[in-house]
Amino acid sequence: MLVLSVTFAIFLIVGGLLLYALIRYRHRPTDSEHEPAQIYGSNQIELSWTVIPILIVVMLFLSTTRVILRTEAIPKPDNTMDVTVIGHQFWWEYRYPKLGIVTANELHIPISDKASPKPTYLTMSSTDVSHSFWVPRLAGKMDVIPNRVNTMWMDPTEPGLYLGQCAQYCGTQHAKMLLRVYAQSPEDFEAWVKQQQKPAQHEFPGNPAATEGQTVFMHNACINCHTVSGSAATGRFGPDLSHLASRDTFASGAVKNTPENLRKWIDNPDSMKPGSLMPPMHLNEHDLNVITAYLTELH
Amino acid sequence: MATPVMEAIDQTQSPPQGPPRPNVIYAWLTTVDHKKIGLMYIAYALVFLLVGGVEAVLMRIQLAIPNNHFVSPQVFNQLFTMHGTTMVFFVGMPILFGFGNYLVPLMIGARDMAFPRLNAFSFWISAFAGLLLYFSYFGASGLYAAGSAPDVGWFAYAPLTAKVFSPGHSTDYWTLAVFLSGVGSIGTALNIVTTILCMRCKGMKMSRMPLLPWLYLVMASLVFVAVSPLTAAQIMLTLDRYIGSHFFDTQAGGSAVLWMHFFWIFGHPEVYVLVLPAFAFVNEIVPVFSRKAMFGYPAMVAASVSIGFISLSVWAHHMFTVGLGPVGNTFFVFATMVISVPTGIKIFNWLATIWGGKVIFATPMMFCVGFLFQFLIAGLTGIMLSAAPFDWQLGNSYFVVAHFHYVLVGSILFAIFGAFYYWYPKVTGRMMSETLGKWHFWLFIIGFHLTFDFMHVPGLLGMPRRIYTYEAGRGWESWNLIVSIGAIFQAAGILVFCYNMVRSYYRGKEAGHDPWDAWTLEWSTPSPPPAYNFAIEPTVNSRRPLWDLKHPEDPDSDYE
Amino acid sequence: MMNTSSTIPVAGSSETPWTLPYRGTIGMACLILAEAAIFIIFVVAYIFYIGKSLSGPTPAQVLELPIFGTICLLSSSITVHFASSALRKNNLRGCTAFLAGTVLLGAIFLVTTALEWHHLIYDKGLTIQTNLFGTTYYSLVGLHATHVVVGLIMLTLALLFALTGHLKEEHEKKLEVLSLYWHFVDAVWVVVFLVVYVLGR
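Residue numbers (my numbering), protein chains in the order written: chain A, 1 to 299; chain B, 1 to 560; chain C, 1 to 201.
Calculated from the structure, these hints are not laboratory results. Possibly wrong hints are sitting among the right ones.
Listed below are the simulated BS3-like cross-link pairs for lysine-lysine, each with C-alpha atoms no more than 30 angstroms apart in a straight line [to be verified]:
hint	chain 1	residue 1	chain 2	residue 2
1	B	K205	C	K173
2	B	K163	C	K124
3	B	K36	C	K174
4	C	K124	C	K52
5	C	K52	B	K163
6	C	K174	C	K89
7	A	K76	C	K52
Quantities reported herein were computed from a predicted structural model and do not represent experimental measurements.
Modelling step: build the complete structure from the supplied sequences, incorporating the hints.
Here it is in structure tokens:
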């Protein structure tokens, strides 16, 4: 890019001159005792190194402005995939208003190709402190600020998993407020949408542990913070668990979603993510086991 | 036609350094002498430099390898908050005010600052602020907890600082310490401006003043318009936390962005508040060791003043990712790029000063050479970051951390080290060891480049700042390890420096009053200067009064 | 060039008389600059939050124009000016009288502010915790009132010195510096008045 090459060229020229001057005009033992000629300045030279940088700056400024306008000032097209991003300490909530999906931490978006572009439009805000949404390989970062709605868009063409993380210090676990964006082919994305739109499972034939776990879950403080669609659990402080088992990770991308990890997490979140706002639930061994069984069934 | 210059011989003997008497401490605690206050500022800042350095090293140990458990996330967050706050408010400001206090009256031929008692007051309130900040480690729930140090980051974005998200008193320590240090800074700045405008010796018109006081004048004026907003914002934050007002309370409709604006209206000019004195040191050292007059003095003054003005309109380049909209972003891109013009003029003028001179590579000059190269690079990465689209990618990443450390360490700290080696003989009457000085220089510059050159890379690879740990496998590990190794070299360099200072105080070569064959007024008094500075009030006819004395056949006053 | 004793340059022929500004004036100007920056931040916060309160009461519902207090404060600026010009002319009695007038007018202003706050807090139920308007209103007006208090303390000291006969003609410049501060406090009030009572309503 222009800025990069210009700054590099300036570095080479000025740095080279400086180095040359330091070597060429170093004090040599053979030098005469006299002081060198005293030069107090020169209007022409000074004028030239004022005007030339001004011209360079104007050039850089114009090229930057073009990029800014191209990125920020284009109108939103109609065919976008709209996602609402809500920052929490220390996890991400995603809502797909047109599709009726609520999920957490793992953002699924369709890829778009030239023929049928399907850019993703993110509308972002925060419920607590400031965060920043940054997936380096997909787009620049945009701050997620309480009482303020920011927007950004991204338009990946290659399917794959893109990693990122919160880029605005937001508290103790800022470091583990990770972002995972799954860019999927239209078919895969469609399948994911179908699965997420299903209501959460409430019958677990042949799995009494999960059934019991559901009861324990619904009678504990879990429901104050978490939502499981179609149940008494409607809390919004923590991630929506309706389809928890369909996710690869939990704790905002910090932990692999395996039954062992999940059990450990419910027992004491601080052991895996110190400073996490989820309190330890102080459950006995049996309750821990059945709740884990229940949650791993929420596909 | 040159005015005939006369000279007065100052027969004062340097006061003999006997064994410390019991009333020495009392004398220092109650002094209003600008030199003693300046030295106390510097000593105080050096202590905090070591403290802040230890914090930096601890952080680098934590980040050297992925998934490290050396410190907990809570402690890490306190470390970077304290490191940033300490280095800016309790190292950068006091050390530069210290040099200003010591040098400005000497260089303008005055016998003290304009308001000596205000001077002492400002120092002690700043000192108290630093102690208050560090008391947070012990205070509140006591030493065992050590948990009440602030952990909101040095720019403490609202609403993380609100009582809901930051219970307890850690943030109170931060806000009160910064508020008090602001009061002290404004007091000293007021003193510096008044001293420069009202206390110059005969013949020292503004156009004949050395560049150091000029830059301090600009710097101190910037303090009024930059530090005051921060002080105001701290008052608001304190009101929010203590009596429940809603300035930054997003739940009551308050704005988080307002705090960002207020902080950066301070924050960016603050960079120039810190860097202008660094320029000032370089302005004094480069000509003396190139044996040439400063090239383009009027242009240097004009560039400094315009930097001061432009720096007031660039703050929102810290906020390109906030969503200011295209118009706002474009304006701040422009202002930020424009400021590189006067900065460039300065670099060119230093280059031209060296050009055709006889450069003597003594330790002060070596640090200035380091400064010149590193400042050039810092300026250029700054231009890159000023382009908003770059910033959307790199803002708040390790690239930014590397960039501003290039300014703060690579430029400002290098200039400060140069200043130490340059003025140490004046302050103590003894030279610092050149051998140890070279060791210090090379260790430090190697460590600096290991740390901060390679720190750019993880930023480019997507590593955000202020994370206490990271997962393996994202390509950050080896870079972070190199960065951490560099920190060890820097620490070693600092230790050599400290040893050199102590050793030279007792064993250094006697300096005499003018060891560098320099040209400004401070070299016309004995080393160390007596309490009254000048036995006779000096009169000057040019920008380099001692050049005129030493070269009566070709005085500067003929050319101005 | 290694001398054991140092040499200080002193010029032979003295040039045009060497005068520099009075340091009190410059110092006060610096202080005013810094204070102005602080006030600007509070004013910006006030303007930024106009109409953003989530709940009442609003400025239009509760604020009334403090005409009387404003007249008192602004005229105290004139009396303090007369006080320092009286001192310059070595008219000590006049100076004392004008100082007393200034203190009185400033005190009246403070009383009107206190009455206004009392009315707002107890009759209208507006405190600094109520909403964004309360927050910005009390802090901005309160910050100004704090400056009035500081100025009044200084003026009262000057008045005491005058009454005990310690104020002499040679203190004229110091009194001028004090009056500079007082003018600043008045000028800030004009801004506060326009922002809070005119623009904000």
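Verification of the supplied hints:
Of the pairs offered as hints, the one joining K205 of chain B and K173 of chain C holds, with about 24 angstroms between alpha carbons and a cut-off of 30 angstroms not exceeded. With a CA separation close to 27 angstroms, the supplied pair K163 of chain B and K124 of chain C stays within the 30 angstroms bound. Taking the CA atoms of K36 of chain B and K174 of chain C, the gap is about 28 angstroms. The hint holds against a cut of 30 angstroms. Simply put, K124 of chain C and K52 of chain C have alpha-carbon atoms about 19 angstroms apart, close enough for the 30 angstroms limit, and the pair holds.
Our distance criterion of 30 angstroms between C-alpha atoms is met by K52 of chain C and K163 of chain B, whose separation comes to about 21 angstroms. Distance restraint check for K174 of chain C and K89 of chain C: the Cα-Cα separation of roughly 15 angstroms lies within the 30 angstroms cut-off, and the hinted pair is therefore satisfied. Of the supplied pair hints, the one linking K76 of chain A and K52 of chain C holds, its CA atoms being roughly 28 angstroms apart against a limit of 30 angstroms.
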